[in-house]
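Top line first, the protein sequences correspond to chains A and B.
Under our numbering, the first residue of the first sequence is numbered 1, with each subsequent residue one higher.
Under our numbering, the first residue of the second sequence is numbered 1, with each subsequent residue one higher.
Since the hints were made in silico from the structure, they are not lab data.
Among the clues, some could well be false.
Here are the simulated PhoX-like pairs of lysine-lysine, each with C-alpha atoms no more than 25 Å apart in a straight line [to be verified]:
no., chain 1, residue 1, chain 2, residue 2
1, A, LYS66, B, LYS101
2, A, LYS64, B, LYS49
3, B, LYS101, A, LYS55
4, B, LYS101, A, LYS64
5, A, LYS20, B, LYS49
Per label pair, the in silico range of CB-to-CB distance [stated by the list, open to error]:
no., chain 1, residue 1, chain 2, residue 2, range
6, A, ILE12, B, LEU51, 22 to 30 Å
7, B, SER54, A, SER83, 37 to 45 Å
8, B, ASN68, A, LEU115, 17 to 25 Å
9, B, SER28, A, PHE39, 26 to 34 Å
10, A, SER73, B, GLU113, 42 to 50 Å
11, B, SER54, A, CYS13, 46 to 54 Å
12, B, GLY62, A, GLN99, 22 to 30 Å
13, B, PRO40, A, ILE12, 33 to 41 Å
14, B, ASN100, A, ASN70, 35 to 43 Å
15, A, LYS20, B, ASN41, 39 to 47 Å
16, A, SER83, B, LYS58, 20 to 28 Å
17, A, CYS13, B, PRO79, 45 to 53 Å
If you want the footprint, here are the derived chain A segments under chain B, 3+ residues with CB under 8 Å [to be verified]:
no., region
18, 20-27
19, 97-111
No experiment lies behind these values; they were computed from the predicted model shown.
A virtual CB, placed ideally from N, CA and C, is assigned to each residue, including glycine.
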Amino acid sequence: GAVVSQHPSRVICKSGTSVKIECRSLDFQATTMFWYRQFPKQSLMLMATSNEGSKATYEQGVEKDKFLINHASLTLSTLTVTSAHPEDSSFYICSARSQRGGRETQYFGPGTRLLVL
Amino acid sequence: AQSVTQLDSQVPVFEEAPVELRCNYSSSVSVYLFWYVQYPNQGLQLLLKYLSGSTLVKGINGFEAEFNKSQTSFHLRKPSVHISDTAEYFCAVILTGGGNKLTFGTGTQLKVEL
């Protein structure tokens, strides 16, 4: 099946620094990618929809200046957590939408665990 | 607004026993329904989905789910579980005409014991 990778798988950073997370679709092109955040024992919450070549669409309550999204190519989207603080510590998951053979399917990456000290 | 409720946060079950993981949704319009599985340190994998047609949907790994419109439920079942089924299971919905955005439940941890 289709594969979506994320890098890094886990990252620890100091408060105030910025962290970039990459999401790649390995064997298909994805015009649309999604970024989710998952707190322990909670559901995945959609943060934003990333569209190749255009600005991301953020969900209500998500600060676009805090969580910068870039979708510069059909196989790569990046999420940058700027000036990270301990409350940004979470599990970040991306997914990529495939439209092969006229069928639309979302494939998920393995997630990135961020810990801000 | 739509929401997804998974009432059971944890379900312990013995190997080869049947299991049902419950999912209820609230929506005033039509929805598409999904079940995903997340193994430790891995991404979400689609188990099955209901878009239209037959209300009984069969998925991978022997799982099936039944869409019940009157009860707004989409419970996941497997007649005989295996140790390898131990994982986190998420129910999700897409509101038709709502931009294809997935809304997830809080997940159910299935723990299969010997």
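Evaluation of the provided hints:
no.: 1; hint: A:LYS66 <-> B:LYS101; in the structure: holds (22 Å)
no.: 2; hint: A:LYS64 <-> B:LYS49; in the structure: violated (32 Å)
no.: 3; hint: B:LYS101 <-> A:LYS55; in the structure: holds (17 Å)
no.: 4; hint: B:LYS101 <-> A:LYS64; in the structure: holds (18 Å)
no.: 5; hint: A:LYS20 <-> B:LYS49; in the structure: violated (33 Å)
no.: 6; hint: A:ILE12 <-> B:LEU51: 22 to 30 Å; in the structure: violated (41 Å)
no.: 7; hint: B:SER54 <-> A:SER83: 37 to 45 Å; in the structure: violated (51 Å)
no.: 8; hint: B:ASN68 <-> A:LEU115: 17 to 25 Å; in the structure: violated (41 Å)
no.: 9; hint: B:SER28 <-> A:PHE39: 26 to 34 Å; in the structure: holds (28 Å)
no.: 10; hint: A:SER73 <-> B:GLU113: 42 to 50 Å; in the structure: holds (46 Å)
no.: 11; hint: B:SER54 <-> A:CYS13: 46 to 54 Å; in the structure: holds (49 Å)
no.: 12; hint: B:GLY62 <-> A:GLN99: 22 to 30 Å; in the structure: holds (29 Å)
no.: 13; hint: B:PRO40 <-> A:ILE12: 33 to 41 Å; in the structure: violated (20 Å)
no.: 14; hint: B:ASN100 <-> A:ASN70: 35 to 43 Å; in the structure: violated (21 Å)
no.: 15; hint: A:LYS20 <-> B:ASN41: 39 to 47 Å; in the structure: violated (21 Å)
no.: 16; hint: A:SER83 <-> B:LYS58: 20 to 28 Å; in the structure: violated (48 Å)
no.: 17; hint: A:CYS13 <-> B:PRO79: 45 to 53 Å; in the structure: holds (47 Å)
no.: 18; hint: 20-27; in the structure: violated (count 0)
no.: 19; hint: 97-111; in the structure: holds (count 9)
Violated hints for the displayed structure, listed by number in ascending order: 2, 5, 6, 7, 8, 13, 14, 15, 16, 18.
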